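Engineer: Here is how the chains run, residue by residue.
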Amino acid sequence: MSRTEKTTMKIELPELSVVALIGVSGSGKSTFARRYFKPTEILSSDFFRGLVSDDENNQQASKSAFESLFYVANKRLDIGKLTVIDATNVQKEARDDIIRLARAQNCLAVAIVLNMPEKLCAERNEKRPDRDFGDYVIRRQNSQLRRSLRHLEREGFRYVYILNGPEEADAVEIIRKPLWNNKKEESGPFDIIGDIHGCFDELCALLEQLGYVLNQQDFSAIPPAGRKAVFLGDLCDRGPENVKVLRLAMNMVKAGYAYAVIGNHDFKLIKYLKGGKVTATHGLDLTIAELKKETASFCAEVKTFLSALISHYVFDQGKLVAAHAGIKEKFQGRSSGAVREFCMFGETNGETDEYGLPVRQPWANDYRGAALVVYGHTPNPEVESVNNTVCVDTGCVFGGKLTAYRYPEREVVAVNAAQEYYRAIKPLKPQGFAEDDLLRIDDVLHQRYLSTRLRANIKILEENAFAALEVMSRFAIDPHWLIYLPPTMSPCETSHLEDYLEYPVEAFEYYKTRGIPKVVCEQKHMGSRAVMVLCKDIDSARRRFKTGDEKTGVIYTRTGRSFFDDDTIEAAILERLNRVLTHSGFWEDYATDWLCLDVELMPWSAKAKFLLSDQYAAVGRAGRNALQCARSEVAKALQFVSALEKSENIPPKPGQSSQNADLESLLATCTARNEALDLYTTAYRRYCWEVNTLDDYRIAPFHILATEGKVWNRENHVTHMEAIKKYLTNVDALFMATPYKAVDTLDENSVAEGAAWWEALTVSGDEGMVVKPHDFIVTKGRELLQPAIKCRGREYLRIIYGPEYTLNNHLTRLKKRGLARKRILALNEFALGMESLERFVRKEPLYRIHECVFGVLALESEPVDPRL
Amino acid sequence: MLLTITHHGKNAADIGYLFRKNPTRPQVFALNYGKAFVFYPEVSDEKTTIALLLEIDPVDLAKGKEGAKRKDVGLFDYVNDRPYVSSSFMSVALAKVFGTAMTGRSDEFQALADTRLDLSATLTMLPCKSDTEMLNRVFEPLGYQVEFETFPADENFPDWGESRYVNLTINGHFKLSDLLHHLYVLIPVFDRKKHYWIDREEVEKLLRHSEEWLKDHPEKFFITHRYLFKNRALANHALERLSVADEEAPTEDLSEVEEKEERLNLNRQRLGSVLARIRACGATSVIDLGCGEGHLLALLMKETSLQKIAGVDVVYMLLERAKEKLHYERFSERQKQKLALFQGSLTYKDSRFSGYDIATVVEVIEHLDLPRLSAFERVLFEFARPKHVILTTPNREYNARYENLGTEQLRHGDHRFEWTRAEFRKWAQMVSAKFHYATQFSDIGEADEKLGSPTQMVCFSLNENTEKSGGKTGESA
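From first to last, the protein sequence lines stand for chains A and B. Reminder that position 850 of the first sequence reads as 850 in the working numbering, one-by-one numbering, no gaps. Reminder that position 419 of the second sequence reads as 419 in the working numbering, one-by-one numbering, no gaps.
Just so you know, these hints were derived from the structure itself, not from any lab. All values derive from a computational prediction rather than experimental measurement. One should not assume that every hint holds.
The calculated DMTMM-like cross-link candidates involving lysine to aspartate or glutamate, where the alpha carbons are at most 20 Å apart (straight line), are [what the hints assert, rightly or not]:
1) 426(B) x 662(A)
2) 636(A) x 55(B)
3) 63(B) x 549(A)
4) 63(B) x 865(A)
5) 434(B) x 353(A)
6) 815(A) x 60(B)
7) 35(B) x 662(A)
Work out the full structure, taking the sequences as your base and the hints as a guide.
Structural biologist: So this is what it looks like as structure tokens:
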């Protein structure tokens with residue numbers, strides 16, 4: 001053997017572990033670390049001493065240095081990063097801290113000892129002027145090290161590597177090993193099967209139903225192409241044919257057709273097979289009786305099989321986790337006694353209930369992980385799913401059913417138990433986890449980054465979250481109903497035309513220059529924005545929205561408040577909508593029992609009566625009266641002055657002094673202003689009418705946002721408009737279609753027609769129009785484009801920019817406005833709105849939907865010019 | 001925006017000398033936010049009218065003048081009544097344009113300036129929301145005859161009611177300077193919105209313009225408070241200078257005052273009852289959910305037996321105000337450690353709510369929509385799970401005693417519901433059964449034989465023996 005081969009040592013490290021380097025000062029730990037690990041993986045005590053005290057050798061700073069070092073280590077391990085601790089670690093107390101760290105982080109600790117000759121270390125230290133401590137220090141450290149070497153494994157290091165001398169340290173190969181539970185490269189598809197408990201017939205029936213080819217003679221089952229089974233543990237006990245189940249499961253695992261994780265019953269069986277003392281209760285007696293009839297070699301085989309079962313598997317790039325009793329997010333992909341314990345028994349606190357059974361903590365209620373957790377252990381009458389967790393133990397052995405969960409299809413396949421094989425100590429009943437989706441303050445508060453399909457990392461500032469929390473808590477409706485909040489919308493760029501602030505050309509230009517030729521112009525109704533959610537009946541509301549308020553739907557404002565103070569009006573309008581949808585066959589045609597609509601609800605005065613009388617009408621009243629009086633007084637004065645001039649022939653002297661006023665021009669101004677006030681009054685009056693009955697309302701839906709299984713953001717706006725026309729209008733005058741016009745931004749004539757269409761609308765006082773790209777979601781490269789741009793009419797803008805905004809040089813000054821912030825806000829809110837709907841349609845947990853809705857509300861409190 | 005002053009009587013046009021404005025020469029003056037025009041709509045020997053017309057630039061007002069930096073420009077600023085009404089802009093313009101006349105001095109016509117003349121003044125569009133009777137009570141004691149005209153907010157929409165504006169004409173026998181002083185002070189008393197910051201300087205202005213007449217005015221409290229924008233400290237300072245501070249009671253409607261007093265009293269009693277209950281429980285830590293401005297917290301901080309106190313409110317602004325009122329900044333380290341103030345919501349599960357002996361929920365639940373109560377119950381009783389919960393809420397039956405309250409009305413605009421005693425008990429008992437608490441009810445405030453007390457209180461106490469099995473249970477595998 002050559003010299004190098006002889007000395008090459010292979011060091012295997014679990015991919016997630018805490019590596020303790022152990023060696024006296026000068027043994028070359030830092031050099032070793034630099035050579036074999038990434039610089040960021042190494043946490044060196046010297047470095048931290050320097051960090052906290054400017055002096056790497058300041059022993060007085062050691063306490064602070066180690067506190068900071070462990071702080072950083074924890075942060076790294078929190079996110080699953082291997083961490084190397086470069087300190088002498090020759091004392092047991094120092095190593096105990098590292099073991100404690102590894103345990104707390106549920107990962108393995110590895111020791112790499114650099115066992116160097118004392119002389120060499122002393123020489124090295126001498127060469128370093130900063131290390132002026134005496135040789136006795138090294139001598140003491142060395143003797144501490146020597147005493148430690150034998151105990152390292154017992155201290156808790158899973159692997160110990162000792163490198164004797166510089167040659168060995170120089171020739172090392174580090175191999176990083178994935179953990180056993182890491183099957184991230186396996187993406188399935190999987191059939192995940194709940195607690196079997198010896199129900200062999202049901203298992204066979206289930207596998208056949210799943211398309212597996214079964215051979216009951218030699219206990220084999222071949223899955224359909226590509227599929228794999230996952231057994232969630234508790235193969236035996238209580239049921240009639242425990243050994244048969246074991247045989248089949250063992251064969252499938254051996255053949256690579258199945259994975260299995262350990263359950264608490266399996267754990268107890270191992271204990272029995274290893275000769276440990278067990279009380280044969282909860283059906284273990286039945287398994288033992290069966291095994292006693294089997295050969296010793298079979299029992300040995302079972303022992304080997306069960307002993308090799310691990311606590312959980314992480315599949316499909318971390319998107320799926322299987323464990324017997326479930327698993328918290330922080331335990332996923334980790335390995336420790338605590339992890340194993342949790343995976344087998346769930347979360348318990350040592351208490352027992354009135355049946356003498358351990359009290360289980362509802363960990364799933366607090367689960368906020370991204371990975372889907374499929375687990376068993378707790379029998380329920382039906383599959384229970386909450387917060388991205390699914391419990392598929394449906395109590396087959398108790399006469400329930402055996403259930404498989406198909407991934408990624410997310411379908412449930414089940415076979416009923418032929419009989420009740422074992423009497424449950426306490427009756428099966430739903431745990432109620434499914435309804436238990438109480439929101440947590442951590443789901444919304446503090447500064448957060450929300451990732452959506454359309455835009456990544458949308459930042460929610462803490463102060464905006466403060467405001468949103470207040471609004472959400474005090475005014476918003478039940479979060480279960482609140483699946484969407486509408487985004488704000490940007491106006492078009494400011495017009496260059498002298499008399500206009502906004503003009504359609506700029507809206508068309510926005511899309512044209514970004515390579516979007518086809519746009520749709522929709523008339524913008526002036527009422528109040530509302531979102532309508534309606535279910536076909538109360539049952540579907542309860543089932544799909546998990547609400548308990550006996551409503552079939554809701555109508556709410558853009559800030560999530562109930563639109564009507566009076567519930568009966570809401571109910572009556574929803575009832576009429578339901579009749580329209582039933583009549584038009586919407587429910588059947590789109591195979592849905594609920595829908596969500598974006599609508600404009602008119603008249604404006606219905607919602608904004610106080611605002612109108614107190615603000616808009618008040619300004620009109622004050623302005624009209626004051627200007628009339630002013631006009632008449634100026635006219636009188638003018639008459640007096642000009643009469644005087646005529647009779648006494650006093651020459652007019654304007655310009656003589658800067659204080660001389662020109663009454664004629666003042667009169668003209670007053671007249672013009674008075675006219676502006678009249679126009680303003682006409683403008684707001686148009687959006688107001690008295691509402692005495694339901695028939696006086698008008699509702700103009702303009703987006704069908706979502707139905708079961710579908711967010712309508714892949715449908716273009718013409719489809720939306722036509723579907724609305726067909727299914728929602730023409731039957732009940734309460735619901736009206738919205739006039740629209742398609743425009744080709746590349747065609748000058750078409751653009752001119754679009755502009756003329758807008759002119760015609762707005763000259764008669766309509767609010768204006770919204771220009772939308774033909775497709776609901778459009779991008780330019782990776783950049784999301786505005787989903788809509790509004791272009792408001794000249795008269796309408798009086799109620800935004802003031803009655804007289806068209807006079808004098810007001811327009812010139814008003815034209816100085818920036819749209820950038822508004823546009824970013826519009827994009828972020830749109831992305832969040834779409835995301836919340838997509839999550840709802842995917843049946844994601846409430847908190848995942850709520851965080852997006854909350855995000856829109858928080859963004860709405862950003863200070864942006866409210867006139868845009 | 002328009003003020004006219006008319007002099008009736010012989011040689012009426014002489015008034016022009018006091019104003020120092022030539023009837024034949026209309027004039028214009030620059031103001032901060034626009035211009036002031038002065039002209040004479042009528043000039044004769046019997047009757048002469050001078051007009052002061054303001055032209056305020058609405059865009060400057062909303063946007064700030066070019067180059068000026070202003071934050072938080074709200075929607076209402078563009079659609080704004082300021083350019084059209086009689087407001088503090090008018091007072092400022094009066095002082096600027098008719099400054100000399102206001103002093104009552106005249107080089108050549110001092111006799112005229114010292115003479116009481118037959119004068120009238122008309123203010124167009126004086127904002128005076130639901131205060132019209134105050135017009136008489138303010139101007140008549142000074143010796144004016146008062147006439148005013150009201151208008152509907154919009155004649156096309158009669159159900160929107162009356163607008164807040166009046167055209168006001170006052171007539172009287174006054175020196176011109178007196179009239180001008182009266183107008184200067186009293187316009188902003190009715191308009192109630194000043195376009196500039198109110199500070200001590202404002203007290204000086206008030207005293208300068210009113211020393212002759214305010215001291216003995218029966219509405220001096222009203223005028224002072226309103227002029228100083230309801231700034232109590234400044235108003236007291238001004239009243240002191242008028243040496244009337246010791247005289248009693250402001251002039252608000254007496255029944256209103258009584259009711260307010262009663263409520264103030266009730267509030268004190270309520271906090272007293274809660275505090276007594278806290279003491280009886282022998283607690284060392286309390287969390288006040290919905291602490292508002294911190295009235296209860298202030299009392300709790302004085303309790304030596306308490307080691308840990310928290311105040312929670314969903315309204316961030318209220319927490320800031322609580323900090324101010326408690327003088328949090330002046331707290332010692334130890335006090336700061338004792339008291340935690342944070343924003344939280346009663347419908348979101350929150351680990352920060354845990355670990356207190358007592359949770360107090362004083363006049364809070366009625367601010368939640370009824371359907372959200374179930375979330376609140378779980379957040380508090382299932383998860384925070386304090387040993388005791390002390391909760392108060394209005395007794396709806398008692399509302400019959402409040403004269404100003406209609407039968408269907410609730411005590412506060414933000415109350416979503418108010419419960420009768422039976423409803424309250426039913427709810428509290430449901431909660432206590434569900435979460436294993438015992439209940440003890442009590443009354444707060446003077447009880448009416450039939451209607452009960454104004455406030456009802458319940459103290460929930462955790463049943464020690466049932467606590468263990470209170471959680472969710474599951475079947476053994």
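Engineer: For residue 35(B) and residue 662(A), compute the direct alpha-carbon distance and say whether it is at most 20 Å.
Structural biologist: This hinted pair holds, its Cα atoms lying about 13 Å apart.
Engineer: Hinted pair, alpha-carbon criterion (20 Å max): residue 636(A), residue 55(B). Please report holds or violated.
Structural biologist: Measuring from Cα to Cα gives roughly 18 Å; hence the hint holds.
Engineer: Take a quick look at whether residue 426(B) and residue 662(A) sit within 20 Å of each other, Cα to Cα.
Structural biologist: Not OK: residue 426(B) and residue 662(A) at ~76 Å, beyond 20 Å, violated.
Engineer: Next pair to validate is residue 63(B) with residue 865(A); report whether the Cα-Cα distance is within 20 Å.
Structural biologist: holds, 11 Å
Engineer: Is the Cα-Cα distance between residue 434(B) and residue 353(A) 20 Å or less?
Structural biologist: With a Cα-Cα distance of about 16 Å, the restraint between residue 434(B) and residue 353(A) holds, given a limit of 20 Å.
Engineer: Are the Cα atoms of residue 63(B) and residue 549(A) separated by 20 Å or less?
Structural biologist: violated, 47 Å
Engineer: For the pair we were handed, residue 815(A) and residue 60(B), check the Cα-Cα distance against 20 Å.
Structural biologist: With a Cα-Cα distance of about 14 Å, the restraint between residue 815(A) and residue 60(B) holds, given a limit of 20 Å.
When the structure is compared with the earlier hints, violations turn up for hints 1 and 3 and for no others.
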